[in-house]
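There are 2 protein chains.
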Amino acid sequence: MTLTGELLIGAAEVPATAGTMKALNPATGDLMEPEFAFGGPQEVDRAVRLADEAVDSYSHTSLSERAAFLDRIGDMLEAVKDELAAQTSEETGLPAAQFVGEAVRTADVFRKFATVVRQGRFLQATIDPAQPDRQPAPRLDHRLQKVALGPVVVFGASNFPISYSVAGGDTASALAAGCPVIVKAHNAHPGASEIQGRVIQQAVADAGLHEGVFSLVRGAGNEIGEALVDHPLVRAVTFTGSEVGGMALYHRAQLRPDPIPVFTEMTSVNPTFVLPAALAARGAEIASGLAQRAMYNVGQACLKPAILLAVDGPGFRELRDAAIAEVERAAARPMLTPGIHDAYTHNVQRLEDDGASRIAAGAVSAHTWDGQSALYEVSGSRLLAEPTLREEVFGPAILLVRLADPEQLLEAARAFRGQLSATLHAETADRVAAAQLLPILERRTGRIVFNAFSMPQEVSYATTHGGPFPATSDSRFTSVGMGAIERFLRPVTYQNFPDEYLPESLREANPLQLWRVVDGQLAQG
Amino acid sequence: MTLTGELLIGAAEVPATAGTMKALNPATGDLMEPEFAFGGPQEVDRAVRLADEAVDSYSHTSLSERAAFLDRIGDMLEAVKDELAAQTSEETGLPAAQFVGEAVRTADVFRKFATVVRQGRFLQATIDPAQPDRQPAPRLDHRLQKVALGPVVVFGASNFPISYSVAGGDTASALAAGCPVIVKAHNAHPGASEIQGRVIQQAVADAGLHEGVFSLVRGAGNEIGEALVDHPLVRAVTFTGSEVGGMALYHRAQLRPDPIPVFTEMTSVNPTFVLPAALAARGAEIASGLAQRAMYNVGQACLKPAILLAVDGPGFRELRDAAIAEVERAAARPMLTPGIHDAYTHNVQRLEDDGASRIAAGAVSAHTWDGQSALYEVSGSRLLAEPTLREEVFGPAILLVRLADPEQLLEAARAFRGQLSATLHAETADRVAAAQLLPILERRTGRIVFNAFSMPQEVSYATTHGGPFPATSDSRFTSVGMGAIERFLRPVTYQNFPDEYLPESLREANPLQLWRVVDGQLAQG
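Quick mapping for you: the protein sequence lines, in order, are chains A and B. My numbering puts the first residue of the first sequence at 1, with every later residue one more than the last. My numbering puts the first residue of the second sequence at 1001, with every later residue one more than the last.
Simulated from the structure, these hints should not be mistaken for laboratory data. All values reported here derive from a predicted model rather than from experimental measurement. Think of the CB as a built atom: it goes at the ideal place given N, C-alpha and C, for glycine as much as any other residue. Hints may be right or wrong, so weigh each one.
One-sided and incomplete, this derived list gives chain B residues near chain A with beta-carbon spacing under 7 Å [to be verified]:
hint : residue
1    : L1144
2    : T1478
3    : N1496
Please construct the entire structure, taking both the sequences and the accompanying hints into account.
Next up, the structure:
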């Protein structure tokens, strides 16, 4: 595939109207060809209008047609996996092999959503049959299904340039819901974005769908993102990134004349609690496994287990030593962007300023934007006294918390803001402490992990990648896993409809053989 | 039951700290005993802290225990139906018989939610079993269920003093979800509020639940509502009322340090479209049925069919004449509050200022706050030119729109903002026009009614009482019907859990015999 750097608006390739940029290789500091186009509010308007035009036809595609389209995207993504991985590697400084895996998994996400679409349970088809003889008044026939919200804007994330980017789970779940998608590409990986965008653009054309089903735009600064969030025809927004960036978009969307849902997935330290018997039995193993995952992707992951907490006692020294050993053998590797590197440097200094001590460090940086791994330690009382110690440091830093006693462990658990995940390591002898800790965690997180690690993330039916604020801006939804489709659907009731006017999902004969709730009971066929 | 006028905070009766009020009988203009207490931020803080304390125990009640509690509230409400109806009648000037019915239906809503709780489908239990041999990496066991958000604030509405008030559907669905509830009583019916509040307070005590499961507060002005929305321990808010009031609360909640979901149900004109063959066949019948419903409850209903649209042609005169006749025979009756009456008087004048002509009026007012029914007529082109003509007039006014041609009918349909419902009257010969109109309506409303009327509302599984803004602030949910519970739930995933630590809903043996999604497939037992 030849990269041209143009915007992809519907079926068109649109040249720059607001300047251009080049991709940066953060491992070498080199800028790469080609020049990538920036657009502005006019390009946004063109893309969103096309998306709005596409809503009626695309949202009413049959389940099988829409599933075939998603499968096609999956197959086409997998077909370009090597090219996509090579480009992504150049734009991130991370190994290409990592991105072959990410491309294959992302292709699989499209296929999984194709299955979700074929199953049709996301429609939540529900029928309350007429009761003409009911007293004191008859009941009319009521039938409900979920319908697509309309055009969805997806902000590509920086840290997973495939799975959270142009062809990531947000795009897959919105397309599965029947919503046209406009992606705002992240400028950290413009070439990887273009490859993914061209795949989807081609799949739209191959499937004979309205061209407005997909567009890819790019811009300098905040203007293009603001234009997307402000556009009156946009019906929902997804964003994965920083709390500051996410909340700026969120508030902007809530202040529109018609507020729209914005699902932002922002920040999480994914605390790991090691209870006494687990600490004694396998402190070193836990620390080692955690540290490896914390440094994966140079610590640039929303599920990074950033804070490790244990009560000082048998096993604590082994835990601490193993973490030190793991961090000390870590290589320095380039971070995704110079800006992320600078923020990391600033934030690890903040840990020290807040009273944490650096007790281990990885290899020293060879390149300007390399991130050096680091392990910090702090007391439980200090963690409780200093809220910023409980906040995310995006990059390869780990904070070990030495707690004074079991009560302080519970107190620390209560002190965290909302999280994507929290982890508990416990043995049978820890039963009482675990039973105290679990409800505290349940109220503060979207996922609780027991004797395992928060990474990697499964993309499946029982996945929750969400949680109370500030992990996300709406804890009622997940952004990863099959449930992510629910963000883009709303219920509509069809009352007293003749059968031939009903959507297929709700017709009396159940031609799609869907599971439906009929008079309050689940039934199929 | 003796009314004392106190606030009900947990198990306590709390006297006024911020003044008192008396209830007004709008039919007579008389103030009634007793004095009702106003509270302030301190009472809010006390109620919300109790609610927060109640979360852990109440949200973990067993399904059968929680269902029994809801059934008990239903039974206790029904037991006081006559007393409640009499009090409500005095506080609204509307007939007591109407409120006996409303009390019985509201009691039934609690029993329906008890069934929803027993069924347990709202938990959305989902299991992805471990795949230890999966390549390239094993999958750990993942299990998901929905959990309660936490304390919910319910703002009682003015217009249905039982079904949308203290013991209304918002309270029932939040309690069903496992959320403690703090109700801010509407000052238009303080006695009816107290009766309902005492019923729930007693049911909490009878069931041996934490007293914080329910509180009832009341205040003058906006201060108490703002304190509720601002309180850091509140996790969600529901509101039914005006767009101005709803959006003020909505924006306030979005500007909290941690934004929380606010479901506001605000404004809808529920347009009715009569297609040519239906107009010719039964124009008079449609107009008569619509006008009766529009004037029900003195036009103070969110589902009032306020705007009737038809293309001028055969049957139009009959439709118009029937609407005139129905309105002319309407009695004047007191509106809910002096403020609502004044707003109605102002808004019908606005219809005239915007170019609509008054073509019929009901009986003239006998009492100061009576609402006089009125029928207005306007051309399609005027409706399209004047956005305020498409907005709600809360009260017994109907706007008849005489459209020039079928194209103008579609144009008018596209011009409406989001609606709770829209209605279509069509005969077989209207098939083409109906097929054009339906997708336009589907994008703009939560419910489409075919050859019937938007009122009354069914409270059932396939009910949608929601819709695009400004019908509600979040079209992804319904505030009425069994789906209303979903507003107060969020998913949590339990990963790699030993069976004994799992919630009952997710245990391997499925002791609750729930329907669950296992490895992507629905299964029971």
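Tested hints:
1. L1144: Result: holds, 4 Å to nearest chain A Cβ.
2. T1478: holds (6 Å)
3. N1496: Holds. Min distance 4 Å.
Every hint from the earlier list agrees with this structure, and none is contradicted.
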